[in-house]
Every structure is written in C-alpha cells, then in structure tokens.
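Participant: If you want the building blocks of each chain, they are given just below.
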Amino acid sequence: MTTQERKDYSNVGPAIGCSNDGDPIIQVRNIRKWYQVNKSIPIFGKVDWLKAVDDVSFDVPSGKTIGLVGESGCGKTTTAKMILGLENPSTDGHVATGEIFFQGENVDELTAAGKREMRRSVQAVFQDPWSSLNPRMRVNTIISEPLEINTTMTKQERDVRAGDLLAEVGLNPYQGNLYPHEFSGGQRQRIGIARALALNPKLIVLDEPVSALDVSIRAQIMNLLVDLQNEHDLAYILIAHNLATVRYMCHRTAVMYLGVVQEYGDTEEIFAHPTHLYTNALISAALPSHPDIERDEIVLPGEVVSPVNPPEGDVFMTRTPLPVRENHKFTKERPPLVEVGKDHYVVETPWSTVTGHDLSEFKLSVDQEMK
Amino acid sequence: MTNKADITSNEELIDRDGFGPSTIQNEVVLELKNLQTHFTTKWGTVKACDGVSYAVKKGETLGVVGESGSGKSVTALSIMRLIQSPPGKIAGGEVLLHGKNILELSEKEMTKVRGGEISMILQDPMQALNPVFDINNQVGEAIGIHQKLKGKRRWDKVVDALKKVRIPAPEMRARDYPHQLSGGMRQRVVGAIGISSNPSVIIADEPTTSLDVTIQAAYLRLLKQIQRETGAAIIFITHDFGIVAKMCDRVAVMYAGRIVEMADVREIFNNPLHEYTKALIGSVPKLEEKTGRLPQIEGQPPLLYNLPPGDSFAPRSTLKYDEKDALIRPDLVEVEPDHFVQLSRCSVADFDKYKDKVSY
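Residue numbers (the working numbering), protein chains in the order written: chain B, 1 to 371; chain E, 372 to 731.
In case anyone wonders, no lab produced these hints; they're calculated from the structure. Watch out, some of these pointers could steer you wrong.
Computed from the model, here is a short list of chain E residues facing chain B with C-beta under 8 angstroms [claimed, not checked]:
{"id": "1", "residue": "H610"}
{"id": "2", "residue": "D611"}
{"id": "3", "residue": "N642"}
{"id": "4", "residue": "K649"}
{"id": "5", "residue": "A650"}
{"id": "6", "residue": "S654"}
{"id": "7", "residue": "V655"}
From the three backbone atoms N, C-alpha and C, an ideal C-beta is built for every residue, glycine too.
Start from the sequences and build out the full structure, keeping to the hints where you can.
Facilitator: Right, here's the structure in full:
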C-alpha cells in the first residue's frame, strides 16, 4: 500500500500522556459521545444528556496493547465503537466532539480510499463467540467474507487464504467446511480471530475476548493473541473488566469511570503504584490468586452513578468516601490528568487519590459486615 | 498442613477462607455416595456424573471446579433431582441429606426438600427471575410453598428476606419488577429466594460470572455473611480458582464426570498433585505480579460419549507415560490425610511416592 510514505502526525493535537512515538495507528483526541435521553426541545424544558464518553484521549502505538478497564457503563465499549466507526462522536453542539486520527489523518477528512483502508486496517473480535458467527455460513465463508468484499481474490485464492488463517489460529484447514455449531467456545473464538486477521489489519479491537470462555481455554486464547501480536506487529485495544487479564496482556492501561479516564499510563507502573482511589477500589475487589492473599476491600459508597447529567466537575466526586470541599474549583470544573510518575497520569483532586490519605476507615477487612 | 481432625476438634476455629473465623461445624449435612447420572443420546450413553462422592459439613463451603462439560452442574441438578427423564437418569448412588437418602423420596416429599432444605442460586439473574411478576411475588412464592404463609405475614417474610440480602429500602424494592433493578440487586433477589426458607444447603451455580468485580466482591461477602448467620453449607460451583481462593474451605476438582482431586483449599493451592489441577491453577494470570507466558492446557475437554478408556485426562497430560498405563481406570485415593487424588501414572507426577496405595 502507498500509505507508508504519507504518515504525517502534524495535524494531531497534543494530549497529556500521548505522543507520536511508535507510529500510532489510532490517536483519539478529546472525543465525546453524548446521547440525548429525552426528546424535549431545549426551549421548552431541560434536555438531559447521557455522557457515555466525555473527553477521552489516548494513542494506540503499533505493536502495543491498550487496555480499557472499568465497571459496566463506564464508556469503554462506546469508545471502541467510535474507533471502529460504528458510532460517531456527538455532543449537544456547544462542545467540540473531538477527533479520531488514523495514522495521523483525521478520519472525518479521509478520502473514500482512505476510509476503505482504515476499515481494512481496524478489525474487531467480540465477546460472545456464540452470537458473533453466522450459524448458517460455513467457517471458510465466514473467514473469506472480508476478502470477498475488500480484495480481488478468486474463490480458490480465498479458500487457500482461509485455510492458512485457520492454521495460523491453531485449527485444522479441513475444519473450514464445518459450521460454527460444530465447534467449542474456544475454537469459535479462534475462528473470530481468523476472520479479524483476514485483511492483515494493523489494529484489532478486542471486546472482552476471553470472558465468555472457560478458564482453561482463556490461557490458550490469550497466548494466541500475544503470539499473533509479536508476529504481525499488531496493535490491540483490549476492553476488559478482569484486571489480571489486563495486567497480562496490556502495555498501557486506561482506567475509566463514568466516561472519563481517571488513571492512564504504563500498565506495570499503574499496578505497582495505583494512585487513583477508583483504581485502588477495583484492585482491592479483584479475586486473589491464592487463599493466603487477603486484601482489605475499599468500598466506595453507593452504586455506579447514572451517566445521565454527571457532575460538572470531577465525575468521581459523588462516589468518593473522602470529604469533598464544597467550593473547590474541581467541583465546577473537570480536573485534568496530572503526571505523577514516569508515564503515569492521574486525575488529581483532594478527594480522588490515595496519596496522603489514611484510607483505613474506608477499608473493609474480609470478615467485616458491609454497611 | 492443616489436618481435618485438627480443624474440627480445635476450640479456636481457624480462619481458613479469609472471611474471619471458620464457621465449619462437625456435622455432615449432605453426602454424595457414588452418584451416577447418565443421559441416553443418539451417540450412546453419556456418563455426565460418573461415581461422584463428596460430603459437606454444616457451615462449610465446598468449591466444585472444572471446565464446562465436566459434570459439575449435572451433579448439582442430580442433588435437586431436576434431571429431565428421559433422556437423563440417576443410574445409581445415594444423596444423603442429614443421613436420609433423598433419591428414594416421593416427588411430593421432594418438593419440600427442593427450595426448602436445599436451595439453588442460579447463574443468570435475568433468566432466573420472571419479568412479568414483581419481586414480592417471586420471593413470596417460595415462602408461600414452604412456610404456608399468606397475606401480611407472607409480606413481612419477603421484606425480611430482602433485608437479609442487604437490599436497601426493601419495602419499596419488593414492589419493583426485575428490570427496575441493577444486575447486582437482581442477583441479591435470587439470593433472597434461595435463603428465604432457611435451607441447610445452598448450591450456588456460578452466581457471579455476569457481575462486575466490585459487585462480585460484595455478593461473595454477602453469601459468607448469610452462611455465618444461618450455618448453611454452601456448594459453590465455579470454573474460577480466584473465587475458590476467596470463598471455599474445601475444593473438589472435576474432570469428565469424575472427581480427580479433592482437598483443603490451602492444600490444593500449595500442593496440587493432579496435572489437571496444576494446569487449572497455573493458567490463570496473576493480579499481584507480572506473569510470564501462561502455561496452557493443550487440547479440548473430551466428548463424554466418547471418553478415552481408563484415565480420561491422559490424552491432555504432558507427563510421559506408557500406553498401557492410560488404559487403567484410576481410583480416587486418600494420599495424605484429607487429600484425595485420582491416582494414575499418566496424570500424577508423584505417582511413585504413593504407589503402595493402589494395586495397579
């Protein structure tokens, strides 16, 4: 392809924690996805906005994995959908929607050919291998469908390629003549990966790729994904809620809460020194790998807050167990990410980080009753 | 190593599961003896549960671990006698509840046991609840059947059960419908139905797989609290060793319809003997440290209608063994006090150490 020469990142705006090193495939700058939840006309009543994603920026360098973590409803899947082009960023019209850049070019300004190339280069693997494969198509047809649409290969060439892809993901090429129901969950997920690989993509969005699988099969699929990444220099965006999976797979991690990135940076740095209270709460709630490991759980008051009309200021304000100062400027204004360590960025307000706070009164040791 | 006798005789109960002092009392509530459940299919007889024996004590949590298709859920359904017949059939064995074989009960007597003495918490709270009835109706149904209560007294019990599972504002929530509740709250309602008639055994079939980490942690804590209050025995069916590490006192690992290893939870983690147990524990990435490349179990779980003869794990084992060893059907042997393992040359690396315990 001719795209190798025209990589130019000068259009991409700066964002904290992001850089053009490592030839990013996708760069996301301040994107927002607001949904209008009631249909009233603004002059007649208040319009409610569900802010699924609100001002998110990150880079996806080639050959690296970015993890998006958070509870359900934190906007991680919506972010991925916008990158895949399944949703367009949108706001109420007064605030900028933000931009997504594909190899340095704004995706809104891509030519038709550029858009086609982007769609070839960005693929997805979905969570549920039972519903993401068409039960009426043979595996060969499923895998070669993207080839049929995007290339000029003949039927024979496509079948050969499908066989190669099946071998690459650890299945037997002759299994291409079978239907999806003849495979187990792990094998189906391999078929999904083969389909995503068909067009030699540069980035694959993995939406909970292993959470529907048996624990013993998870290791097989995760190892396969890591091997394919090393072999093809693939970039991944991994959406997961299992923190151990994120630590195993990801080079960089973004912890999201209510549509906003709360902690971002190098995965090892984040797990070694989790700074945001929310990250600490997630880690403290994760399952231990040995019965001798006992973690005191940090319990955040209340349940996940609805993303409809979130607070003007820090979104974490309504969930923190620490006292919030009424007239602090971050109760009215979004706090930015601040660099707290090497390649480690956190939303820092007096109530959102663990630094300098005694959290013992919010910790619940394992035999304590929950309030 | 903690010995079974020490734990139960010791006045000062030992904190084994990390949820505070142990709640285990030395009284066996439910015991399975050589339970066999077979299904007749067009490919032949499937022995989904092939001679399973285990016992749970009052206040104890037993984890039953295995891949899908290993027979852990079929075993649970057999205890409840919920196996559809045909094609299924409980072909043999005993299920002793307080020493009485419930497989011999009439269907009418069984109705009292099911949901009364033994209750089940299912995996998917959205499917376990009926969307067209309110919470009061669904929790009240169980109370109406087992405690024969009506009207105001039934309502009070419903509110009580919801309070027990820590649902805020239970009087208001009881009038809600399932879709008005969040996933965690729905799972609590399913829990409330399960505990409403003070069961002595709770069978939890992967109750937290569809929940977020924080909600999962709260739910597990809740189950432990209920256990402490009521002294119920819990059989926790899961495929996640993380849940086992957090919740269980004892673990039974199942493979292809049989128990391959059973021991105290610490013993299983510190000294796993069967290759399958080792692989299951090893193949989970750790949160506490950076994990190198994960060891993986090669191959797929076997098809139950076409099991390898003898040791069914042999084809997936990484140990070196003779073909003829794989043909021997291994027995579950107590190799250390309270540590049982299916002793086979193909899948136990330390076989020679315990060779004298078996005749093959």
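Participant: What are the numbers of the hints that this structure violates, sorted from low to high?
Facilitator: When the structure is compared with the hints, numbers 3, 4 turn out to be violated.
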